[in-house]
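Visitor: Chain residues, written in single-letter form:
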Amino acid sequence: MPAADFLPRSRLSSLFDLLKQRGYLLIGPQAVDGAILYRPLQHPEQLPNGIEQIQQPGQYRLIRTDNPRQFSWANGPQALKPLTFAPRETLWHSELNADGSLSFHEEIASPDPTAVIGVRGCDLAALALQDRHFADDPYYQKRRASLLLIAVDCAHPADTCFCASTGDGPDAKAGYDLALSELDEGFLLRVGSAAGQTLINALPLETATEQHRQQAETQQQQACQQQRQLPEFEPARLIHQGQHPAWEAVADACLSCGNCTSVCPSCFCFSESEVPELDGTASSHQRQWDSCFSEGHSYIHGHRFRPDTKGRYRQWLTHKFGSWVEQYGRSGCTGCGRCISWCPVGIDPLEVLTQLGREDKE
Amino acid sequence: MSNPALPTEALILNRIQETDDIFTLQLKLTDPEQQWRLGIQPGQFNMLYRFGVGEIPISFKAISEDDQRQPVLEHTIRAVGRVSRALAALEPGERIGLRGPFGRGWPLQQAEGQDLCVVTGGLGCAPAVSIIEHAFANRERYGHIHIIQGVKHSADLLWRSRYEYWAQQPNTTVLMAADVAAPGWPWYSGRVTELLKRLPLKPEQTLVCCCGPEPMMQASAEQLIRQQVPAEAIWLSMERNMQCASGHCGHCQFGADFICRDGPVMPYPRLRDRLGLEGI
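So the protein lines, in turn, are chains A and B. Read the first sequence against the numbering used here and you will find it ends at 362, with the numbers running on by one and no gaps. Read the second sequence against the numbering used here and you will find it ends at 280, with the numbers running on by one and no gaps.
I should point out that these hints are in silico values taken from the structure, not numbers from a laboratory. We treat Cβ as the ideally placed atom computed from N, Cα and C, and that holds for glycine. Any given hint could turn out to be false.
[What the hints assert, rightly or not] Covered by chain B, per the in silico footprint, the following chain A stretches (three or more residues, Cβ under 8 Å):
id, segment
1, 13-26
2, 92-102
3, 134-142
4, 263-270
5, 278-291
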């Protein structure tokens, strides 16, 4: 007799109630301002009911349908990144005392326990990358420790998605506490951690039918048939292909706006800055997301190593797909496709990589 | 271990104007529990913080002593940007913030028993002075000491009396070069790489410490390799934008390496195929 692992859609609110009862703040996907955003959530009716989406290079549109599902979209501009790596935060304060001495006080946020519902496989993989990058960063780790992650397998990849070819989706592979596979009548559940197991134990579950299991399997197989795939290229060679004509062409189109790095779930660069109080007695030292497309990123006493867009685009792509492999043992890309959809001019990095990979074969 | 992002207070004991825009700060850490930071090694760096303005990475120059024979931390800075100009305006008695030490320094232990060859260009001499001072303070551990310093203009030469002092020490060679030499410059006029050819090197037992502009370091390393110095015996001190100093903020990446954490001192073979690449 298989364990009970099916939550009828009508009982989804019991998961919400259980999480609230256990003291979690709830965050989940909602259709806001024409996009799917992770926002504080109270009940399942706030989920994006029947919302589907069209994503193309430089395009992101939500469509309302009579589909009964709540997770039939791929992703929104945010991954989990803002929850663990704050877009802007204060690291410490300094005070100039009356006797001329300076004192320093650290400020590390300790967020309340937070359950995130509707996490995608690509974003879990990117979170795992950031977990490693920020392993000894107390600011990141405090936020990270507050999260309970409830994944939902992606059954509706967008045309920009290529997570199947990076090996990070469309189903949630690892790093979740609980994972849901959404069917028309409800959700198939799998446990990923001890915390997830205690949730399962307290939910009014049924036993999934064989038909449910087959539906889930078929749906995952279909979701894997994505239009885009990571092309073949040699990661270690990218950095040495700096003179390839592909860079020139992409730099002509690129606005150097940094949208791609903002929406990228693994991009980790930040800049530090000082915010002094007007009375001159105190100052806050902050960090905020930076981008290798910014003018200041490569600045060093009067010199910029990457003065033009070509150099900056090349830095982004060669780091993400090349140097990252050397740094963390795998590519920094998890195939979410956000950089393609949210690029205002519709640049597709996979096309650039295809050209670079072609040179390898010649 | 304390939060590496949080500075501690340092008191400016003395401020020495070295040239028009280069100055040295002599610092004392005011918190007794922070004195472990004085264990900074040649080639490592600290983040210096000017209240209300910001932080910059500055390489370690030396530990000296004050009147009470207490250790004093020295940093030499060129006033060239927003923060360094603000630091330049400070007077003795004022306070700054300091965090560090960060990064990997010169391979001091590996160099023991060998000849040392210190090749520097411009203000690159500041981080290298730390290893020269260390070698003279522990003279018996090292063989011959070669000191080669190049400057763009002869007027840029720092610590001239120090170089003249070293030149008089036994078992020591000091060679100086200026690309542009004013009248009265007693040393070579031209490039550092030309001077290297004149060195009486024992290539199989020499460790090279090189610090300066990247084209100069690359040219020097290749010249020394032509003189039979093994590539793995050549160490370079690299420089990039550093903000967090902990390998997180991403600015100092040089290919896959985070210069603040994996460097700033790195073996030449690690850098060789990336030096000189545009935009790295």
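Visitor: Indicate, hint by hint, whether the structure satisfies it.
Guide: Quick rundown of the hints versus the structure:
Requiring three or more residues with a Cβ within less than 8 Å of a Cβ of chain B, the coverage given for the segment 13-26 of chain A is violated, as only 0 such residues are present. Restraint check on the segment 92-102 of chain A versus chain B: 6 residues with Cβ-Cβ distances below 8 Å, three needed, restraint holds. Coverage of a stretch by a chain is defined here by at least three residues with a beta carbon nearer than 8 Å to that chain's beta carbons; for the segment 134-142 of chain A and chain B the count is 5, and the condition holds. Only residues whose C-beta sits within less than 8 Å of a C-beta in chain B count toward coverage, and the segment 263-270 of chain A has 3 of them, enough to reach three; the restraint holds.
Counting residues of the segment 278-291 of chain A whose beta-carbon sits less than 8 Å from any beta-carbon of chain B gives 5, enough to reach three: the coverage restraint holds.
Consistency note: the structure conflicts with earlier hint 1 alone.
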